[in-house]
Amino acid sequence: MEFILLGLLNGFCITLSRVLNGQLSVRNGAFHASFVNHAVGFASLSLLFIFVAEPVNALPQDLTLYVGGVIGALYVAVNSFVMVRLGSTNSIVLVVAGQMLFGLFIEVYSFGFEQVGAQLIGVGLVVIGVFFKGRLSFQNK
Amino acid sequence: MLKQSGLVLVAIFSGLLLALMISVNAELAGTTSAFQASWIAHGVGGITAWFLYSAFKKNHARANRPEIKKQYWFGGVPGALTVVFASMTVQSYIGLTGTLALALIGQFLLSLILEHYGLLNQPKTKVTIVNLLPTLLVAVGSILIIYGKVEM
Chain F
1319 MEFILLGLLN
1329 GFCITLSRVL
1339 NGQLSVRNGA
1349 FHASFVNHAV
1359 GFASLSLLFI
1369 FVAEPVNALP
1379 QDLTLYVGGV
1389 IGALYVAVNS
1399 FVMVRLGSTN
1409 SIVLVVAGQM
1419 LFGLFIEVYS
1429 FGFEQVGAQL
1439 IGVGLVVIGV
1449 FFKGRLSFQN
1459 K
Chain W
1226 MLKQSGLVLV
1236 AIFSGLLLAL
1246 MISVNAELAG
1256 TTSAFQASWI
1266 AHGVGGITAW
1276 FLYSAFKKNH
1286 ARANRPEIKK
1296 QYWFGGVPGA
1306 LTVVFASMTV
1316 QSYIGLTGTL
1326 ALALIGQFLL
1336 SLILEHYGLL
1346 NQPKTKVTIV
1356 NLLPTLLVAV
1366 GSILIIYGKV
1376 EM
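The listed protein sequences derive, respectively, from chains F and W.
The opening position of the first sequence corresponds to residue 1319 in the numbering used here, with each subsequent residue numbered one higher.
The opening position of the second sequence corresponds to residue 1226 in the numbering used here, with each subsequent residue numbered one higher.
Incorrect hints may appear among the rest.
Derived CB-CB ranges, DEER-like [claimed, not checked]:
id : chain 1 : residue 1 : chain 2 : residue 2 : range
1  : W       : F1276     : F       : T1382     : 14 to 20 Å
2  : W       : L1334     : F       : L1365     : 45 to 51 Å
3  : W       : I1338     : F       : L1454     : 18 to 24 Å
4  : F       : I1439     : W       : L1334     : 41 to 47 Å
5  : F       : G1442     : W       : K1282     : 25 to 31 Å
Straight-line Cα separation of at most 25 Å, SDA-like style, residue types lysine to any residue; simulated pairs [as the list claims (entries may be wrong)]:
id : chain 1 : residue 1 : chain 2 : residue 2
6  : W       : K1295     : F       : G1442
7  : W       : K1228     : F       : F1321
8  : W       : K1374     : F       : L1392
9  : W       : K1295     : F       : R1403
10 : W       : K1349     : F       : V1344
11 : W       : K1351     : F       : L1454
12 : W       : K1351     : F       : V1445
13 : W       : K1282     : W       : I1293
14 : W       : K1349     : F       : L1326
15 : W       : K1295     : F       : R1345
16 : W       : K1374     : F       : V1396
17 : W       : K1374     : F       : F1420
18 : W       : K1295     : F       : V1344
19 : W       : K1282     : F       : N1375
20 : W       : K1294     : W       : K1349
21 : W       : K1294     : F       : F1456
22 : W       : K1294     : F       : V1385
23 : W       : K1374     : F       : V1445
24 : W       : K1283     : W       : V1235
25 : W       : K1349     : F       : F1456
26 : W       : K1282     : F       : F1420
27 : W       : K1351     : F       : I1446
28 : W       : K1351     : F       : F1321
29 : W       : K1295     : F       : L1454
30 : W       : K1374     : F       : G1442
31 : W       : K1283     : F       : A1357
32 : W       : K1374     : F       : L1365
33 : W       : K1294     : F       : I1424
34 : W       : K1295     : W       : S1312
35 : W       : K1228     : W       : K1294
36 : W       : K1351     : F       : G1430
37 : W       : K1228     : F       : A1361
38 : W       : K1282     : F       : G1442
39 : W       : K1228     : F       : L1365
These are computed hints drawn from the structure, not numbers from a lab.
Just so it is clear, CB atoms sit at the ideal spot from N, CA and C, and this is done for glycine as well.
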């Protein structure tokens, strides 16, 4: 049970982080918000590193593994930009939709179609949900 | 309307970035650890964001920037905490799929609560069955995508 709560708390943290970054971007733009987010996150993780005292592994040589950080910088900026303009639930629903559909695409691309089962129904529901979300939220604007 | 639909596409595109980022960072975690991978990714991300910020900076005088609440500066803290929580739950009986599904539900839940009460400067949007429906559809669909893989 405690891990289920921890899992939910994890989700809470993601929303909290995105909403705060969005509000921060009001001050000095989305790239600034992304920079502050990463700097504060880096500092927090450095502190945690001291407390957790986990062994530090050698830095990987393969440079492509570092691209995640570059994408992350862009992601937080784009996300903060959208957050203050569409509202948090709209943004999160759309981001999750994009994430799920593209995540599945990566999976299919690397493992082929054989594994896709009930996931196709999921894709259908996500697409319908996004469509309704758009109709409901933006039809009168 | 056109502006709104443009933003919708941008939001969906950022989900694409997120999926790509998670996929690369998972590989990084494989060669190091979940913790260290996030630490490295935050470092690289910070440097990248600084370059982007410097390149596109509009030189507004400090005094002209809108005032915001102090707590808005600390989005990086919950951002860093997710790494810790996720690495704990992934190793528990919940596993990776459970972690993803619960994170998703948690995200939607807190966002709906924040908007329902208008917290953290969010526009107040009361939760009703009608405006909950699309969110539920995306949530259920996503959970099907997470759990629906055919066991081979």
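Could you say whether the range 14 to 20 Å given as a hint is met by the Cβ separation of F1276 of chain W and T1382 of chain F? holds, 19 Å
Cβ-Cβ distance between I1338 of chain W and L1454 of chain F: within 18 to 24 Å? holds, 19 Å
Is K1295 of chain W close enough to L1454 of chain F, meaning Cα to Cα at most 25 Å? violated, 34 Å
Satisfaction of hint between G1442 of chain F and K1282 of chain W, Cα-Cα up to 25 Å: Status violated; Cα separation ~41 Å.
Holds or violated: K1374 of chain W and V1445 of chain F, Cα atoms, limit 25 Å. Cα-Cα ~18 Å, so holds.
25 Å Cα cutoff - pair K1228 of chain W, F1321 of chain F: The hint is violated at about 41 Å.
Assess, step by step, whether the Cα of K1283 of chain W is no farther than 25 Å from the Cα of A1357 of chain F, and give holds or violated. Between K1283 of chain W and A1357 of chain F the Cα gap is close to 21 Å, so the pair holds against 25 Å.
Taking only the CA atoms, is the gap from K1294 of chain W to V1385 of chain F under or equal to 25 Å? At roughly 32 Å apart (the allowed maximum being 25 Å), V1385 of chain F and K1294 of chain W break the hint.
Within a Cα-Cα threshold of 25 Å, do K1351 of chain W and L1454 of chain F meet the stated pairing? holds, 14 Å
When you check the alpha-carbon spacing of K1228 of chain W and L1365 of chain F, does it fall within 25 Å? Violated - the C-alpha atoms of L1365 of chain F and K1228 of chain W are around 42 Å apart, more than 25 Å.
Decide if the proposed pair is consistent with the structure: K1295 of chain W and G1442 of chain F, CA atoms, cutoff 25 Å inclusive. violated, 42 Å
Between K1351 of chain W and I1446 of chain F, is the straight-line Cα distance small enough, at 25 Å or below? Since the Cα atoms of K1351 of chain W and I1446 of chain F sit roughly 22 Å apart, the hinted pair holds (cutoff 25 Å).
Hint violations for this structure: numbers 2, 4, 5, 6, 7, 8, 16, 19, 21, 22, 26, 28, 29, 32, 33, 34, 35, 36, 37, 38, 39, all remaining hints satisfied.
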